[in-house]
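Chains as they are written, first to last, in our numbering: chain A, 2 to 262; chain B, 2 to 262.
Bear in mind the hints are in silico, worked out from the structure with no lab data behind them.
Just so you know, not all the hints are guaranteed correct.
Computed Cβ-Cβ distance ranges for the label pairs, DEER-style [what the hints assert, rightly or not]:
| id | chain 1 | residue 1 | chain 2 | residue 2 | range |
| --- | --- | --- | --- | --- | --- |
| 1 | B | 257 | A | 14 | 29 to 35 Å |
| 2 | B | 208 | A | 192 | 34 to 40 Å |
| 3 | B | 169 | A | 211 | 30 to 36 Å |
| 4 | A | 25 | B | 254 | 46 to 52 Å |
| 5 | B | 146 | A | 152 | 52 to 58 Å |
| 6 | A | 136 | B | 155 | 32 to 38 Å |
| 7 | B | 18 | A | 33 | 55 to 61 Å |
| 8 | A | 168 | B | 52 | 54 to 60 Å |
For every residue, glycine included, the Cβ atom is placed at its ideal position computed from N, Cα and C.
There are 2 protein chains.
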Amino acid sequence: MILVADNLQITNKIIEKAVRENDHEPIQDMVKKCEAAGTAVIDINSGPLSRDPEKMAFMVAAVQEVSDLPVIIDTANPKAMEAGLRANRKTAVINGFSLEPVKLAQMLPLAKKFDVDIIGYLLYPDSHVPKDAAERLNVAVALCREFQKSGVEPERLIIDPVVAPLVWQDGNIQLMEILSVIRQLPELLGFPVRTIAGLSNLTTGRGPKEKKLLMERSYLPMLAASGLSMVLLNIFHQETVSVAKACEALMSQKIFAWEEV
Amino acid sequence: MILVADNLQITNKIIEKAVRENDHEPIQDMVKKCEAAGTAVIDINSGPLSRDPEKMAFMVAAVQEVSDLPVIIDTANPKAMEAGLRANRKTAVINGFSLEPVKLAQMLPLAKKFDVDIIGYLLYPDSHVPKDAAERLNVAVALCREFQKSGVEPERLIIDPVVAPLVWQDGNIQLMEILSVIRQLPELLGFPVRTIAGLSNLTTGRGPKEKKLLMERSYLPMLAASGLSMVLLNIFHQETVSVAKACEALMSQKIFAWEEV
Chain A
2 MILVADNLQI TNKIIEKAVR ENDHEPIQDM VKKCEAAGTA VIDINSGPLS RDPEKMAFMV
62 AAVQEVSDLP VIIDTANPKA MEAGLRANRK TAVINGFSLE PVKLAQMLPL AKKFDVDIIG
122 YLLYPDSHVP KDAAERLNVA VALCREFQKS GVEPERLIID PVVAPLVWQD GNIQLMEILS
182 VIRQLPELLG FPVRTIAGLS NLTTGRGPKE KKLLMERSYL PMLAASGLSM VLLNIFHQET
242 VSVAKACEAL MSQKIFAWEE V
Chain B
2 MILVADNLQI TNKIIEKAVR ENDHEPIQDM VKKCEAAGTA VIDINSGPLS RDPEKMAFMV
62 AAVQEVSDLP VIIDTANPKA MEAGLRANRK TAVINGFSLE PVKLAQMLPL AKKFDVDIIG
122 YLLYPDSHVP KDAAERLNVA VALCREFQKS GVEPERLIID PVVAPLVWQD GNIQLMEILS
182 VIRQLPELLG FPVRTIAGLS NLTTGRGPKE KKLLMERSYL PMLAASGLSM VLLNIFHQET
242 VSVAKACEAL MSQKIFAWEE V
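Next comes chain A alone, as it looks inside the complex (with noise of 0.2 Å):
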């Protein structure tokens, strides 16, 4: 399971006022602790400054100065999209499309153009999020169809089943959900496709922090068994990430893996 930090993100104060400015150093800092908090690729989301495209171009540049880690291009705009893609020197993912139609018009077609990954959601095409696991599964086979009249290869395609906040009154049932989703995908599509999943999102909302951080490391072993490929996570949560590590040798297959946590 491949950790990606989302700390990069406009909610972040300091980081908003530097990509407002065109101020390198703070988010070249982040980015030097987040490779040293353990992190493998780094998203960028540059939230409603997408609305100027440069500053995802900017974002992107001043990552790519000082770290050779992957970058996962997260933002709902295409121009902004673009915009970074054209600035990536490196190993880029767009993040992301779905059914929605301006996605499938606007975001899906730079997969081809710019030949990257590109994550696509299990959502309805009005955005809303799928009932249970039978709906999650229709909505993969119709995002893959999507995506296959792209012209993209599969093995392009990364799936996000949307994980649901515990704050939802159903939260953790469509969570147990979305973990036979993920088993299954594979299976269904008929190819060894990758998955991701955002696991802040789990914690989104009210609720006492200790308790938030207890939640996101028991669900982090579920999904890892599951077979997630990637996970979006707070990289500064050590304990969740020394969780992660430990679910790294336990789903090894290289013996004594427990060893090297």
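Start from chain A and add chain B according to the hints.
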């Protein structure tokens, strides 16, 4: 997932001395502490002291004087098992039998005689551990067949897939196969068979304590998500117990279940 304390055992010197001297108090102190720490069941392991079957009877009586929790009578000695079951005044479970001929001949019939649940180990008749998931499932089928011959209702069977220690060369690989075995057993055997796993087995042997605890609390949610019914663990490992409770909430069919963690 029901928590079973494995703390009442002879490897604890205080407990050993109490059993040798027929001293109720240290045993009852331990039981009260286990209850306070959140256990739902007490495993009673008289170890080598089972040579005197009355020691198990003494332990069962001592526990049940202060606790109404179900007890798991944990001894390889059929005479000690029978003495324990005779002493039992509440709910008892036999731990356990396997395909080993002496176990089939002397331990399994006690489930019928005393009308109690019994734990069956996925081990070969010579007590060797099966090599992979396929072998374990074959053993489960053979075990279930022997169990059916005993005339006990299937609902009384609890299967223990035998958790592999991490210090084994291929421990981590076997641990992942055990998850798949737990998931497959109900369909394979054709009824919702319950399962139990000894989490302390995971970290038997050498290794730093902190890392062992990390591995334990990373593997536990994987077991839970696979559908494990009961986990035998050191109930004083507070963080592991918290994770178990978080797993319980995640897997609950109740809405807002995490609020009660």
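Which numbered hints are broken by the structure, listed smallest first?
none
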